[in-house]
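Q: Each chain, letter by letter, is given below.
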Amino acid sequence: MTGGADTSVQGPAAAHFAEAGPPPIEVRGLVKRYGELTAVGGVDLTVQTGDVYGYLGPNGAGKTTSLRMMLGLIRPTEGSVRLFGRDPMQTVHALQGVAGFVEAPTFYPYISARKNLEMLAAYDGGGASERIDEALEMVELTGRQRDKVGGYSHGMRQRLGIAAALLRDPRLLLLDEPATGLDPAGMRDMRLLIRRLADQGMTVLLSSHLLAEVEDVCNRVAIVRQGKIVYEGEIAELKRGAGTRYWLETTDDERALAVCQAQPGIADVRIEHGKISFTADEDAAGTLSQALVEAGALIHAMAPQTVTLEDIFFSFTEGDGVPTGFTNPAHAEPAPAGEGAR
Amino acid sequence: MPGVATVYRWELFKLRRQKRTYIGLGAAIIVPILFVLAIHLRHHQDRGGGFAFSDYLDRSGLAVPLVILLFGAVWMFPLITALVAGDIIASEDHNGTLKTIFTRSLERWQLFAGKALAASTYAVLAILLCGTVAVLAGSVQSGFNSLQSLSGTIVSAPKALELVYVSLLVYLIPIASIVCIGLLLSTVTHNSAAAVVGTLMVSLLIQLIGILPGLGALQPYLLSTQFNAWQGLLRTPTDWEPIVRAAWVCALYGIPAIGAAFLVFIRRDVAGG
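These protein sequences, in sequence, are chains A and B. Take -4 as the starting number for the first sequence in my numbering and just add one per residue. Take 99 as the starting number for the second sequence in my numbering and just add one per residue.
Honestly, the hints are just simulated from the structure, not real lab data. All values reported here derive from a predicted model rather than from experimental measurement. Be careful, since some hints might not be right.
[Said to hold, decoys possible] Pairwise CB distance ranges, derived in the manner of DEER restraints:
hint, chain 1, residue 1, chain 2, residue 2, range
1, B, Glu205, A, Phe309, 42 to 48 angstroms
2, A, Gly30, B, Ala291, 23 to 29 angstroms
3, A, Tyr29, B, Trp338, 24 to 30 angstroms
4, A, Gly145, B, Ala315, 50 to 56 angstroms
The C-beta atom is built at its ideal place from N, Cα and C for all residues, glycine as well.
Next comes chain A alone, as it looks inside the complex:
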């Protein structure tokens, strides 16, 4: 498992990609209203087999409510959720092969971690109880399994939440802010764990505020704002859509600004920290430098800036909508299974 640039899918993941059938998550027109308040305002998204899918949005954007509807915990006002083609509101069997948690994972504080897992395994049936040791080992809680959960730290509970999810031997894992409240080492461990699970072929939906984490772990994202998806697609595509941002210093910035604004292929021109800033692809940037010279604005410096997912996230969630230079494939046909880059 690697970051967004790695497009290879090997081992068990490849086997999963080869599976036919409905996608792990298919959400259409999902709406949840509480009286006058619209918590989720028409979400459409599709998570394909093998995706590690980032679900991003500011606080109050409706991410957790969406996840609760996906897990059948909340009844949608409108729209539908299908997990592997099954409706989680109809029967709990729709959650077969699905596991995860929303907000912080919760357990009975007055019994031990082991007993909590034994109970959940009993509720799952099948071979879940045989996976307890393995799950505890995977989240490195074997040594503390006999302690009451009431004495666990936040990070230990998060890890226990993962262990509880793994008992179900899931093909799809839904995780809501799994690294929230963890220290840097805990965050790193959680990221590594998610990567490891994804490498084993698990499809993961990861809701997170930690954009670096999402950028590092996920191949696709949905950005949700005020209960609606404003972008859905591959991270690589998203970054391509953002273009490369350059900053520019010249002998005559006023003239250079006018040239930039008039030049084809140059977008989102603005002054930032006293410098001209714009987005362009490599060819357009080359043509611009020639046009600047011809206009008599000699270039002191022109350098590309790295666009991070965080930059793009804020431009989506704090601006007026889809930022300049982006195409929004949120409602486009999803990529066929197996095309996702991880």
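Dock chain B against the given chain A, drawing on the hints supplied.
A: For chain B alone, kept in the frame of chain A given last:
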């Protein structure tokens, strides 16, 4: 395959790990002992009391459980019952664990049924424990002797013991309604304390209605009245009428309560925790 029995088993396990279980069961044990101690201490003082079996407290230990049944109906048994019935679902809200169990492989109705059975089991255990301790403590104090029935006939000690246990079983009919009301309040309030206190308040309110002037016609249909149905067993011949009435009157209280609790439980949104 996991099912209601799985939930039931684990609910009982969880009950065994909670203090409130032992507070309730502890009260069921201690109250008869304290009662017998009180009888012992008043031994040389004025006697009497003017209630059923009060005259027999010094003559037969088997009168002790019957007197406790009589007074326990006011608040003790409703409270002991409510301690678990009012908590068993609300505590899931408190711990935020509904979302944990709702996303496993059991249907919500199975979870509800398992919890309802566990709460009922606890109530049965508390009543039988209280009755047994009362028989033992009463027998130590006043002897395992024959008892005079409410009709004035003398009942042998073994027969009286049998009647005590059948009375305890009849007593479970209104207790079952209290369980149902506790489950309803536990489900709708999402708050353990509110559900426990609320269940007790409902019980006390019904008793209050029973003593209000001008509402005497309601008396046979009040839940509180059904706590005395067992007295029909202590008459010769046995008076089944109050027992039969207790069965259907309690059903009128209990079935709508548990039905509403069930519907709320299986349809509710789990937006917190």
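Q: Now tell me, hint by hint, if it's right for this structure.
A: Consistency of the hints with the structure:
{"no.": "1", "hint": "B:Glu205 / A:Phe309: 42 to 48 angstroms", "in the structure": "holds (43 angstroms)"}
{"no.": "2", "hint": "A:Gly30 / B:Ala291: 23 to 29 angstroms", "in the structure": "holds (27 angstroms)"}
{"no.": "3", "hint": "A:Tyr29 / B:Trp338: 24 to 30 angstroms", "in the structure": "violated (52 angstroms)"}
{"no.": "4", "hint": "A:Gly145 / B:Ala315: 50 to 56 angstroms", "in the structure": "holds (52 angstroms)"}
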